[in-house]
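If you read the sequences in order, they're chains A and B. Sequential numbering from 1 applies to the first sequence in my numbering. Sequential numbering from 1 applies to the second sequence in my numbering.
These are calculated hints, taken from the structure and not from any lab test. All values derive from a computational prediction rather than experimental measurement. Be a bit skeptical, because a hint or two may be false.
It does not matter which identical chain is used: a pair holds within one copy or between any two.
Unchecked claim - Pairs of lysine to aspartate or glutamate, DMTMM-like flavour, derived with a Cα cap of 20 Å:
#1 K315 to E48
#2 K310 to E48
#3 K315 to D84
#4 K310 to D84
#5 K327 to E71
#6 K211 to D163
#7 K204 to E153
#8 K160 to E226
#9 K77 to D301
#10 K157 to D110
#11 K199 to D152
#12 K74 to D301
Each chain is listed here by its residues.
2 protein chains.
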Amino acid sequence: MAEFKLDASSSQCSARAGTLSINNKNIKTPVFMPVGTYGAVKTLSPNEVSSIGYELILANTYHIYLRPGIEILKKSKGLHNFMDWNGLILTDSGGFQIYSLKGLRKIQSDGAKFQSHLDGSMHKLTPENIIDIQRVIGSDIMMMLDVCPAGDESLKKWEKAVDLTSEWAKQAMQYLNNSQGIYDKEQLLVPIVQGGTNKELREKSANELLKLDASIYAIGGLAVGEPKENMLETVNLMDGLLPKNKPRYLMGVGTPIDLINNVFNGVDMFDCVMPTRNARNGQLFSSNGKINIRNSKYANDNTPIDNESKSPMSKQFTKSYLHHLFKTREVLGLRIATEHNLYFYYELMKIMREKIIADNFHEWRKKFIAKYERGENNG
Amino acid sequence: MAEFKLDASSSQCSARAGTLSINNKNIKTPVFMPVGTYGAVKTLSPNEVSSIGYELILANTYHIYLRPGIEILKKSKGLHNFMDWNGLILTDSGGFQIYSLKGLRKIQSDGAKFQSHLDGSMHKLTPENIIDIQRVIGSDIMMMLDVCPAGDESLKKWEKAVDLTSEWAKQAMQYLNNSQGIYDKEQLLVPIVQGGTNKELREKSANELLKLDASIYAIGGLAVGEPKENMLETVNLMDGLLPKNKPRYLMGVGTPIDLINNVFNGVDMFDCVMPTRNARNGQLFSSNGKINIRNSKYANDNTPIDNESKSPMSKQFTKSYLHHLFKTREVLGLRIATEHNLYFYYELMKIMREKIIADNFHEWRKKFIAKYERGENNG
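Could you put together the complete structure from these sequences and hints?
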């Protein structure tokens, strides 16, 4: 059975280090999950993702449901086999994706109806069938279907979203307990606290979902356009509402600084397209700030991409070469940048964990942020 | 000094196995050169290309001259350093590329004037400055500037092309001998026999160029739209015209069957974008013929991509997964297919060499082609 063990807690803030054990794998937290929307972390092979050190990735139920579709995954006996990934997989439910399909979707009391952006076909995801789908996918961690409005939506919309999310969560947990998986494995089901940046709604949402006694709690509805300080305040509020002995997963966050500040506030799990997507736009993260490799100042820069990086390719190749690869749209450039950023995120989580265990996270955080923000690479 | 040693010759046809030694590297022939137009074999890292077994790649002077440009390569001390490639590099001169720029180029008696397809700037390549450029690139094998009409051009055009190519070749060799390289290395200069599929023109071109006593002779002006039997006849003719003790390089060729049939006719060196470009369109070569992985019949095919392949990824992943990666435009799909095809081409050259040395190339060829053409994967 899945287990979460707290290995250490900061004496000066809510930061914690833990071990999440699922299906005979131990995930050290705080942890960042690279995003492999369609069953591939963009540009990389599963072996490369695991070489960096990652043992848990995120895939997207909504996208995978549409392509390759559930029948194909059934034949492959799940996504792990399909993509030959030996680590764990968390699948996002698709609530966020469906909500983004303005005009093509309708949130109903019993689920979310939407039109495929690929072929116009109609589909409906319900609190129950999203579990069936994720059981076929074989996700180690399944997310519940939630309602996730944009950051600037009305309070009324947010209230409705919270109520429906709580209602669906109850139904989902019941469905889970009264039905069976198809593989011989444990599949956790995670409720998502909603409520935007509104204190009362967050409390209401958390209180409803805590009744379900889930193994992990996710914080949704942030990083959807709200001001950054509101996000931090909300996570800080959640820190007080969610049980200390369970992992907290902040969905869709974020920049390196976001990760640090939310670990500070007690978050254990993160996912974000930022390291991979920004890489494909030529933006590299480093301890000296961001490197926009398309900048013409790098055309003639024969220093290694980043000598401090753990990525072999970032030591092997020069900024000048990577600049050239981006200018000529060579796929190799996307790969170098993606590996670079995923190494950077992995090492960032690793060092945070070490600092929490040594109980000097607090000091380290100030120094890291100062160096990153004055970064010679910035601007 | 560069050297070419014949290791074996078929007793039944013109096929030969040799060793081309340049700059302390020994290239076993027949050899196929993957194309790295801009200093990167598309989608792969230099380490991956060399892991397959390749020690000699082709890059394109014309493209590299435009991007990143010669100043940047000067600062990197050449292309080998710039891309961190430990093998050898042959650079095509750009004659073919310039000739393809219809309307944007003018062939003059002293060189080829053209307008950049990138920014409209005017440039002129001459028999001399193409050597200067390739000396900065640091190519181990430099190609002369030639005039390369399309396969369906008039005889008069081809005559002019042959005469100008011969004239330029004389000037180039003289320039080479009276000037110095900038790195401490040998850089061979290769003339290109022109003349399309016309016997008299080919003879004239070869006779002129043989006077230069070059170390390698290239056959240009084929695979430019002429019927395949005319290509084979012409190469067969060249086999009788070119000296046996020097490598023959057939430019821009070809399919697996083309390689086999031209090795049969005494060709030692090849380059072609086919394995890499076709890979990116989802076409994989195998000993059972071509696999068009986008074909819907592969959506549910859980067998390995190709169990006979030496490519680790082609054994690791299923056709179903690769089909999905192409459908969702995942870069990983391009990589898997590219590695697959480059492994296939590498192994094809290797087996031809083995068969020539064992003197059963003739028999092997018939069996290989029969299996390939009835290939279960075809159609």
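Quick rundown of the hints versus the structure:
When the C-alpha separation of K315 and E48 is checked against a cutoff of 20 Å, the pair qualifies both within a copy, at 16 Å, and between copies, at 16 Å. Taking the closest pair of Cα atoms, K310 and E48 come within 20 Å of each other both inside a single copy (13 Å) and across two copies (19 Å). Only between protomers do K315 and D84 lie at most 20 Å apart by alpha-carbon distance; the minimum there is 11 Å, versus 28 Å within a single protomer. In this assembly of identical chains, the alpha carbons of K310 and D84 lie at most 20 Å apart only when taken from different copies (18 Å versus 24 Å within one copy).
In this assembly of identical chains, the alpha carbons of K327 and E71 lie at most 20 Å apart only when taken from different copies (16 Å versus 41 Å within one copy). Taking the shortest alpha-carbon separations for K211 and D163, only the intra-copy value of 14 Å comes in at or below 20 Å, while the best inter-copy value is 88 Å. In this assembly of identical chains, the alpha carbons of K204 and E153 lie at most 20 Å apart only when taken from the same copy (18 Å versus 79 Å across copies). Proximity of K160 and E226 under a CA criterion of 20 Å is satisfied intra-copy only: 18 Å inside one chain copy versus 69 Å between copies.
Taking the closest pair of Cα atoms, K77 and D301 come within 20 Å of each other only across two copies (13 Å); inside a single copy the shortest separation is 48 Å, beyond that limit. Taking the shortest alpha-carbon separations for K157 and D110, only the intra-copy value of 17 Å comes in at or below 20 Å, while the best inter-copy value is 74 Å. Within a single copy, K199 and D152 get their C-alpha atoms as close as 16 Å, which meets the 20 Å cut-off; across copies the closest is 76 Å, which misses it. Taking the closest pair of Cα atoms, K74 and D301 come within 20 Å of each other only across two copies (12 Å); inside a single copy the shortest separation is 50 Å, beyond that limit.
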